[in-house]
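Colleague: Chain by chain, the residues run as shown.
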Amino acid sequence: MIESLTILAGALPYLLKGSVVTIGVVFGAMSLGLLFGIALAVGQVYGAIWLKRLIGLYVWFFRGVPLLVLLFLFYFGLFSLLNINLTAFTVAVIVLGLISAAYQSQIFRGAIVSLPDGQLKAARALGMSDATAIVLIILPQALRLAIPAWSNEYSIVLKDSAVAYALGVTEIMARAHFVASRTYQHLPLYFTAGVIFLILTYAGTKALRLLEERVHIPGYSQ
Amino acid sequence: MEEMLFIRTEVVPALARGIIVSIQLIIPSSALGLLVGMAVGAARVYGNRSLTFAANCYVAIFRGFPLVVQLFIWYFGLPYIGIYMTPYVAAVLGFSLCSGAYHSEYIRGAFLSIKQGQLMAAKALGFSHVGMLIHVIFPQAFRRALPGCGNEIVYLIKYSSLAYMITCIELTGEGKIIASETFKYIEIFLIIGAVYLFLTTIASWFLRRLENRLSIPGFKPFSV
Numbered sequence: 000m001i002e003s004l005t006i007l008a009g010a011l012p013y014l015l016k017g018s019v020v021t022i023g024v025v026f027g028a029m030s031l032g033l034l035f036g037i038a039l040a041v042g043q044v045y046g047a048i049w050l051k052r053l054i055g056l057y058v059w060f061f062r063g064v065p066l067l068v069l070l071f072l073f074y075f076g077l078f079s080l081l082n083i084n085l086t087a088f089t090v091a092v093i094v095l096g097l098i099s100a101a102y103q104s105q106i107f108r109g110a111i112v113s114l115p116d117g118q119l120k121a122a123r124a125l126g127m128s129d130a131t132a133i134v135l136i137i138l139p140q141a142l143r144l145a146i147p148a149w150s151n152e153y154s155i156v157l158k159d160s161a162v163a164y165a166l167g168v169t170e171i172m173a174r175a176h177f178v179a180s181r182t183y184q185h186l187p188l189y190f191t192a193g194v195i196f197l198i199l200t201y202a203g204t205k206a207l208r209l210l211e212e213r214v215h216i217p218g219y220s221q
Numbered sequence: 000m001e002e003m004l005f006i007r008t009e010v011v012p013a014l015a016r017g018i019i020v021s022i023q024l025i026i027p028s029s030a031l032g033l034l035v036g037m038a039v040g041a042a043r044v045y046g047n048r049s050l051t052f053a054a055n056c057y058v059a060i061f062r063g064f065p066l067v068v069q070l071f072i073w074y075f076g077l078p079y080i081g082i083y084m085t086p087y088v089a090a091v092l093g094f095s096l097c098s099g100a101y102h103s104e105y106i107r108g109a110f111l112s113i114k115q116g117q118l119m120a121a122k123a124l125g126f127s128h129v130g131m132l133i134h135v136i137f138p139q140a141f142r143r144a145l146p147g148c149g150n151e152i153v154y155l156i157k158y159s160s161l162a163y164m165i166t167c168i169e170l171t172g173e174g175k176i177i178a179s180e181t182f183k184y185i186e187i188f189l190i191i192g193a194v195y196l197f198l199t200t201i202a203s204w205f206l207r208r209l210e211n212r213l214s215i216p217g218f219k220p221f222s223v
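Chains A and C supply the protein sequences, listed in that same order. Counting in numbering that gives the first Met the number 0, the first sequence runs from 0 upward without gaps. Counting in numbering that gives the first Met the number 0, the second sequence runs from 0 upward without gaps.
These aren't lab readings, by the way, just hints derived from the structure by calculation. In this text, a Cβ means the ideal position worked out from N, Cα and C, and glycines have one as well. Among the hints, a few may not be true.
[As the list claims (entries may be wrong)] Only some residues are given here: those of chain C computed to face chain A with a beta carbon under 10 Å:
1. 59
2. 72
3. 184
4. 198
5. 206
6. 209
7. 213
8. 215
9. 217
[As the list claims (entries may be wrong)] Short derived list, chain A residues pointing at chain C, Cβ under 7 Å:
10. 35
11. 61
12. 64
13. 72
14. 76
15. 80
16. 158
17. 169
18. 186
19. 193
20. 197
21. 200
22. 203
23. 207
[To be verified] A few chain C residues that don't get close to chain A, going by computed Cβ distances all over 12 Å:
24. 7
25. 31
26. 119
27. 124
28. 125
29. 133
30. 162
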């Protein structure tokens, strides 16, 4: 018991450095997913019929194939075929980001569709172009509405980021496994890794709840 | 020609083996997961205080830890306290307990959505406790929990690929082995991706049909 506690205490700084890597992966993937997801959502709601179909196909593919398969496909397959040399970290960010974009696009699409139809018409009547209306009228409202679902997506991406260990990204899980195979303290180390994930989930969702309150417009309700 | 022979003699049998193992992982895990979810969901709604507390702790941990961490705990961690499992058993246990925690959320919501008045009305009509559960609560709760639980099963199909990480060689694992031998990563992982797409699409199609089949006009499937 004492022995495993001293090993844990020794390993903790090493694991916490891994959480910096995890946060990096999650931050990169969520940002990529946010930008791409908004574009996909706008395309799916306002785009031409072929664009809607194409986006539907993208969403179907990235929501239907497991993360691990996509990681292997991109890391060992696609990027080496194209002779692009990317680190495992970058590939993990790209793949998690592309998957998250598919999920986030559905969050934003739901938020956009839930806005009253008259808003776009009113914006047109005021002489705004469609693009201006979407950027200045629709998205500021839709993005606010999407925060709760987005915070859910954050906790999913955070937990999925542990799979990046399969490519050798030195995030929390990978580090816990390294230390465990040297010290044979598997159970305490994995449990600690899990607790670090729990804390990150809690901190992230808390921060997003604060953001939601912060950007809330008084008197505005759906 | 040689390529075709290689595909026929090496790739197809390995992937077929993998698909069988994957299905052997998915079906028991989703069934067990649903059972766990129902028990935990019911405990969280109708249990006494200590039971509700225990169930809430279970859900917080199993939804908060990444699935990979949970699988590693079952397979690599438990030998630490003298419990040894085969990779297959550890994977099924890990999947069932994790998805059970998610199922319990939907099932809990479904139970809570049934208004107190209905229970009183059932009592007034002379239903026993069990009769009330079977004839009044369960038929409604099942329909309300179905969309969420169905989604969770589709997730489970995809997450079954993580069994590879604890050396349970299913579809992804078989693919990884052949791909590393032949360096045909793109072809093999595209085929595997297509198999998973097929499985998830069929599963969501079937679940949507089931929802439509069970829908009752005028009964809102989502609580408002």
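Colleague: What are the numbers of the hints that this structure violates, sorted from low to high?
Modeller: The structure conflicts with hints 5, 6, 7, 8, 9, 10, 11, 17, 22, 23, 30, although it agrees with all the remaining ones.
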